[in-house]
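**Student:** Okay, here's what each chain looks like letter by letter:
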Amino acid sequence: GEDVEQSLFLSVREGDSSVINCTYTDSSSTYLYWYKQEPGAGLQLLTYIFSNMDMKQDQRLTVLLNKKDKHLSLRIADTQTGDSAIYFCAESLNNNDMRFGAGTRLTVKP
Amino acid sequence: DSGVTQTPKHLITATGQRVTLRCSPRSGDLSVYWYQQSLDQGLQFLIQYYNGEERAKGNILERFSAQQFPDLHSELNLSSLELGDSALYFCASSVIAGRGDTQYFGPGTRLTVL
Numbered sequence: 081g082e083d084v085e086q087s088l089f090l091s092v093r094e095g096d097s098s099v100i101n102c103t104y105t106d107s108s109s110t111y112l113y114w115y116k117q118e119p120g121a122g123l124q125l126l127t128y129i130f131s132n133m134d135m136k137q138d139q140r141l142t143v144l145l146n147k148k149d150k151h152l153s154l155r156i157a158d159t160q161t162g163d164s165a166i167y168f169c170a171e172s173l174n175n176n177d178m179r180f181g182a183g184t185r186l187t188v189k190p
Numbered sequence: 240d241s242g243v244t245q246t247p248k249h250l251i252t253a254t255g256q257r258v259t260l261r262c263s264p265r266s267g268d269l270s271v272y273w274y275q276q277s278l279d280q281g282l283q284f285l286i287q288y289y290n291g292e293e294r295a296k297g298n299i300l301e302r303f304s305a306q307q308f309p310d311l312h313s314e315l316n317l318s319s320l321e322l323g324d325s326a327l328y329f330c331a332s333s334v335i336a337g338r339g340d341t342q343y344f345g346p347g348t349r350l351t352v353l
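From first to last, the protein sequence lines are chains B and G.
The numbering of the first sequence is the working numbering, which starts it at 81 and goes up by one.
The numbering of the second sequence is the working numbering, which starts it at 240 and goes up by one.
Errors might be hidden in some of the hints.
Listed below are the simulated BS3-like cross-link pairs for lysine-lysine, each with C-alpha atoms no more than 27 Å apart in a straight line [said to hold, decoys possible]:
#, chain 1, residue 1, chain 2, residue 2
1, B, Lys136, B, Lys150
2, B, Lys136, B, Lys148
3, B, Lys150, G, Lys296
4, B, Lys147, G, Lys296
5, G, Lys296, G, Lys248
6, B, Lys147, B, Lys136
Source of the hints: derived by calculation from the structure; they are not laboratory data.
Excised from the complex, chain B in its bound form:
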């Protein structure tokens, strides 16, 4: 399809792991991104992965990339209430355009 797809909602308990999934559109996308948006704020770049990588880890965040299936995931270990936000997956297209998913609203329950 033409859209970057993400599930809209995810709810986890504090201390559990969260996994947010994304399917992107363009197999030639060279960079894939995860952004976090807290209420009333702009987007904060969390991490990105280059297309020649399968995995990238940064503290509590792990990004997995499956190029064959055009599937990207973000795992947040030991999820905290401060992680509650909307998480956007995005791909960088060849023309420097960026395409965003609709965002996954993560709710962390104490």
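With the hints as your guide, set chain G onto chain B.
**Tutor:** Chain G only, in chain B's frame:
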């Protein structure tokens, strides 16, 4: 605080009007990006400028235009406004203009068209 500033924070106007949104990038950043975030369209990339020149264009309407000035601040001009233009408009900046270059987002301007 990302270091990117946007003014105004809120803007309420009527259909058919024209507005200008302003963005100041982080000190030292040469590239500025504009995005529109609405409930029905999600987050959409509009346009990118690098050191005063247009670098990339996304889903920007012909009624919209932007520019980046010699001091690197940018303005997004929206004209002949329609109800559907109501959205949050974000500006982001980065040091250069390559993919993977971290984009820092401003707090946004909320535009309401009545």
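**Student:** Give a verdict on every hint.
**Tutor:** Each hint, compared with the structure:
no. : hint                : verdict
1   : B/Lys136 - B/Lys150 : holds, 16 Å
2   : B/Lys136 - B/Lys148 : holds, 17 Å
3   : B/Lys150 - G/Lys296 : holds, 24 Å
4   : B/Lys147 - G/Lys296 : holds, 26 Å
5   : G/Lys296 - G/Lys248 : holds, 24 Å
6   : B/Lys147 - B/Lys136 : holds, 14 Å
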